[in-house]
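Fit the two chains together into the complex; they arrive one by one in their own frames, and the hints show the way.
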Amino acid sequence: MKSAVITFPGSNREGDVIRALRQATGHDPVSIWHQDADLPKGTDLVVLPGGFSYGDYLRCGAIAARAPVMDAVRAHAARGGLVLGICNGFQILVESGLLPGVLMRNAGLKFICKMQHLKVGRTDTAFTSHYSTGDIIKVAIAHGEGNYVADAETIARLEGENRVAFRYCDAQGDTKAGNPNGSLNDIAGIYSEKLNVLGMMPHPENLIETLVGGTDGRGLFESLSAYRGAA
Amino acid sequence: MKARITVTLKNGVLDPQGKAIEGALQSFGLEGIDSVRQGKVFDIELDSNDPAKAEGLLKSACEKLLANTVIENYRVEILG
Numbered sequence: 001m002k003s004a005v006i007t008f009p010g011s012n013r014e015g016d017v018i019r020a021l022r023q024a025t026g027h028d029p030v031s032i033w034h035q036d037a038d039l040p041k042g043t044d045l046v047v048l049p050g051g052f053s054y055g056d057y058l059r060c061g062a063i064a065a066r067a068p069v070m071d072a073v074r075a076h077a078a079r080g081g082l083v084l085g086i087c088n089g090f091q092i093l094v095e096s097g098l099l100p101g102v103l104m105r106n107a108g109l110k111f112i113c114k115m116q117h118l119k120v121g122r123t124d125t126a127f128t129s130h131y132s133t134g135d136i137i138k139v140a141i142a143h144g145e146g147n148y149v150a151d152a153e154t155i156a157r158l159e160g161e162n163r164v165a166f167r168y169c170d171a172q173g174d175t176k177a178g179n180p181n182g183s184l185n186d187i188a189g190i191y192s193e194k195l196n197v198l199g200m201m202p203h204p205e206n207l208i209e210t211l212v213g214g215t216d217g218r219g220l221f222e223s224l225s226a227y228r229g230a231a
Numbered sequence: 001m002k003a004r005i006t007v008t009l010k011n012g013v014l015d016p017q018g019k020a021i022e023g024a025l026q027s028f029g030l031e032g033i034d035s036v037r038q039g040k041v042f043d044i045e046l047d048s049n050d051p052a053k054a055e056g057l058l059k060s061a062c063e064k065l066l067a068n069t070v071i072e073n074y075r076v077e078i079l080g
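In order, the protein sequences belong to chains A and B. 60 is the number that the working numbering gives to position 60 of the first sequence; each next residue is one higher, with no gaps. 48 is the number that the working numbering gives to position 48 of the second sequence; each next residue is one higher, with no gaps.
Keep in mind that the hints were calculated from the coordinates and are not lab data. Keep in mind the model is a prediction, meaning the values are calculated, not measured. Heads up, some of the hints might be wrong.
[Stated by the list, open to error] Listed below are the simulated DSS-like cross-link pairs for lysine-lysine, each with C-alpha atoms no more than 30 Å apart in a straight line: (1) A:K176 <-> B:K10; (2) A:K110 <-> B:K64; (3) A:K41 <-> B:K64; (4) A:K110 <-> B:K19; (5) A:K176 <-> B:K19; (6) A:K110 <-> B:K40; (7) A:K110 <-> A:K176; (8) B:K59 <-> B:K40; (9) A:K138 <-> A:K114; (10) B:K64 <-> A:K194.
So that you can see chain B by itself, here it is in the shape it has in the complex (with noise of 0.2 Å):
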């Protein structure tokens, strides 16, 4: 079974990274880009076939070190 784990920044988090990012569209004329935050994704491979089992897994592994949840919101995806 895969999974995926996406991290973001809470909002209000100051994201320099982003906003260089976004400074950087910008300056090639990419119109209608208001804001850019940057991101981590996690590809996950398990061995479980229990959808139910592996969310609960991969948010411990979330809660325990993927994500700094002072700072990061976490989303767990089953992708089967």
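Bound conformation, chain A alone (with noise of 0.2 Å):
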């Protein structure tokens, strides 16, 4: 699994991916500059971290999704390859239409930060090969603007092809009471169409130590490192 962490300007969850990634597969992911215009050769993994890219100026992902380096992004999924968005990374991808549907304020307004548990969907991806479907985990969120909503078309679509990733839900895996932000039938990620974009506003990078909170989010980069797709 050879990775790639992109820093945008403001990204500030970059270092916790590389982390997370080292930990689970052993070697360091490749550091890309948003002005790069080219991914490395062999990249099979594309992450876009979370932070608050440029700002959050104009919209939340907005300016980022415009960068130099997110038409190599384009061209890698396009041909396949893996790419992984979380928090302000899947504000990134759905400005920069590799995932339908936007991110919008939270419907309390607030900024939340704090653990939340997530039902884990399909397990047959290159993401979630390590959970079961059902798994009920504990990661963390941090955002103001994680209120999934698309077109009613879009969801039935995203329902109807299996591509919610990940739901909101409590402890004891009640999805509506779970539901932290407002976000249409509790989505807290999703994928493409291929399966090979996932974007997530939860934070699974930064649950990886039993000292700081728990290991629920290792699944997920143990899952990538095991995945030998053809990227």
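In structure tokens, the structure reads:
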């Protein structure tokens, strides 16, 4: 698994992602700057980390989505390469058109920073093979704009094609009761049509050590590390 | 030449900020306010004096960056 982590001006979780990938794969991902035009040859996975790219000016992720490196990310995704966007990375993916819908202000208008339970969807993807469907995992969320919205047709399509990767839930697995931000259908993460692009608001990269809250996020990076697909 | 671009949320898109502002205005006892929707205004200066050309340029600016057409509408006004 050759991975690359992109840093935009204002990204702040790239170090956490690099650490999580190093722990799972045994080697360091390549760091990419947003103005780079290319990804290293043979890259299997590109990660867009969390943060506040361009200060969240205009719309979260809007300016980063037009950065030079995003053309290379689009081409990589079109080839079937893996792309993971976490938090601000998810916002960049929807702004760039790689995933449908938008992330609006949280329904309660507040920035939410807390531990959050998620229910795992399908596990036949590169991102979730080390989980079981229906697993309830506890990770962190930290966002002001995580309220996933799309038109009814898009939501029906995501559901029909089983492309909801994670849903918010409470400790018992009740999705409605556990929805922190008003997201439609309690959506916390979605896949692209070919299941090679995943965008999610929660931070699995911050739950990889028992010392700091738990290891429920490891499964995602271990799944990626074990993945041997064509990229 | 000056121009103004107004970006607004499409009908039916939930606007929690607008709702909060609406609630605040109503709490002041300002009567007659039915609803508030929040949008954005961009004032732009152009080096061209050709309104048709400017309009085309600004439309592509909206499509490329200034508006997310999944949820937003935009309006371009050439102010002269």
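Verification of the supplied hints:
For the proposed pair A:K176 and B:K10, the alpha carbon gap of about 26 Å is at most 30 Å, so the pair holds. In summary, the hint linking A:K110 to B:K64 is supported, as the alpha carbons are separated by about 29 Å, within the 30 Å threshold. For a cut-off of 30 Å, the pair hint linking A:K41 to B:K64 stands: about 29 Å separates their Cα positions. As the CA atoms of A:K110 and B:K19 are separated by approximately 14 Å, the hinted pair is consistent with the 30 Å bound.
For the given pair, A:K176 sits about 22 Å from B:K19 by alpha-carbon distance, which is consistent with the 30 Å threshold. About 20 Å separates the Cα atoms of A:K110 and B:K40, which keeps this hinted pair within 30 Å; it holds. Proposed proximity of A:K110 and A:K176 is supported: the alpha carbons are some 19 Å apart, at most 30 Å. Restraint check for B:K59 and B:K40: the C-alpha separation of about 15 Å stays at or below 30 Å, so the hint holds.
For the given pair, A:K138 sits about 10 Å from A:K114 by alpha-carbon distance, which is consistent with the 30 Å threshold. For the given pair, B:K64 sits about 25 Å from A:K194 by alpha-carbon distance, which is consistent with the 30 Å threshold.
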